Amino acid sequence: MTENQRILLARKAFTLNEVYDSINEFIKPQEINQIIRTLCGENKNIEHATFTNFEELINADYSKNRFWIINLKQENLFLFVDTSGYDYARYIGIISLEQYIKQPKEQETLTIPEVLGFEEEKSFKVGDVLYHSWGYDQTNIDFYKIIEISKTGKTAKLIRLMNKVISSTQDGFVEQVVPGQESENKKLITARIKEKRIGRFWKWNNKPLTQTSYA
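Under the numbering used here, think of the first position of the sequence shown as 25, with each following residue one higher.
Just to be clear, a hint being listed does not mean it is correct.
No more than 20 Å apart at the CA atoms, straight line, and that leaves these computed lysine to any residue pairs for SDA-like [as the list claims (entries may be wrong)]:
| id | residue 1 | residue 2 |
| --- | --- | --- |
| 1 | Lys181 | Arg221 |
| 2 | Lys88 | His72 |
| 3 | Lys181 | Lys210 |
| 4 | Lys211 | Ile171 |
Label pairs and their calculated CB-CB ranges [what the hints assert, rightly or not]:
| id | residue 1 | residue 2 | range |
| --- | --- | --- | --- |
| 5 | Ser108 | Thr214 | 50 to 58 Å |
| 6 | Asn100 | Asn209 | 41 to 49 Å |
| 7 | Thr179 | Thr62 | 24 to 32 Å |
| 8 | Asn229 | Asn164 | 16 to 24 Å |
Derived by calculation from the structure, the hints in this document are not laboratory data.
A quick note: this is a predicted structure, and the numbers were derived from the prediction, not measured.
Backbone N, C-alpha and C fix where the C-beta goes; we use that ideal spot for every residue, glycine too.
Let the sequences and hints guide you as you build the complete structure.
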């Protein structure tokens, strides 16, 4: 199987179907470096990028490097791109992940992104702001900031932030709040990191939250 049967688009593609229609075989991850040597006679650096959909991929600027591995999140695909000196994805190949998908979970040592050279995406990092919404007959908002993540990545230390009111109703019963300065009480709490939250706290999305109170 020659390279042009795996990556065959000597023009700019506008749909993912065009890529599927132009190739006869997927690229195996272990073949990528050999393909690069065949195409240009030597090993070359590979850049990595993540896009939501194919439209983002075709409109990206590739002037930084010739060879790329693209994570196309919406399609759950990894693509090999050779710009061949142009500033767009001129040649595109689909990377086969079948052997990794079929691998038993207990035998996995690397995730698919790690196999292809992507750094593992961390759910939380130091400096992230979290919040907890609670209350029975009113809504209270508590903000915290991550100041330390354990070496194991399983727990985080948090410090309380003051609420900053940016708007309120005339009676003051409904307020829009964002995180402010650190609380004068410097006491830290330790919470366990889960997939989408830390303890009872969720990652703040940088938008004001509503808290309510009653006389």
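- Query: Does the hinted range 16 to 24 Å hold for Asn229 and Asn164 at CB?
  - Reply: With a Cβ separation near 18 Å, Asn229 and Asn164 satisfy 16 to 24 Å, so the hint holds.
- Task: Note whether the CB distance of Thr179 and Thr62 lies within 24 to 32 Å or breaks it.
- Result: 48 Å, violated
- Task: Verify the proposed pairing of Lys181 with Arg221, using a straight-line Cα cut of 20 Å.
- Result: 13 Å, holds
- Quick one, are Lys211 and Ile171 close enough, alpha carbons at most 20 Å? 12 Å, holds
- Task: Would you mind confirming whether the straight-line C-alpha gap from Lys88 to His72 stays at or under 20 Å?
- Result: 11 Å, holds
- Message: With the threshold set at 20 Å, check whether the alpha-carbon distance from Lys181 to Lys210 stays at or below it.
- Response: 12 Å, holds
- Query: For the pair Asn100 and Asn209, does the Cβ-Cβ distance stay inside 41 to 49 Å?
  - Reply: Given range 41 to 49 Å: holds, Cβ gap about 45 Å.
- Look at the Cβ atoms of Ser108 and Thr214 and judge whether their distance stays inside 50 to 58 Å. 52 Å, holds
Of the numbered hints given earlier, the model fails hint 7 alone.
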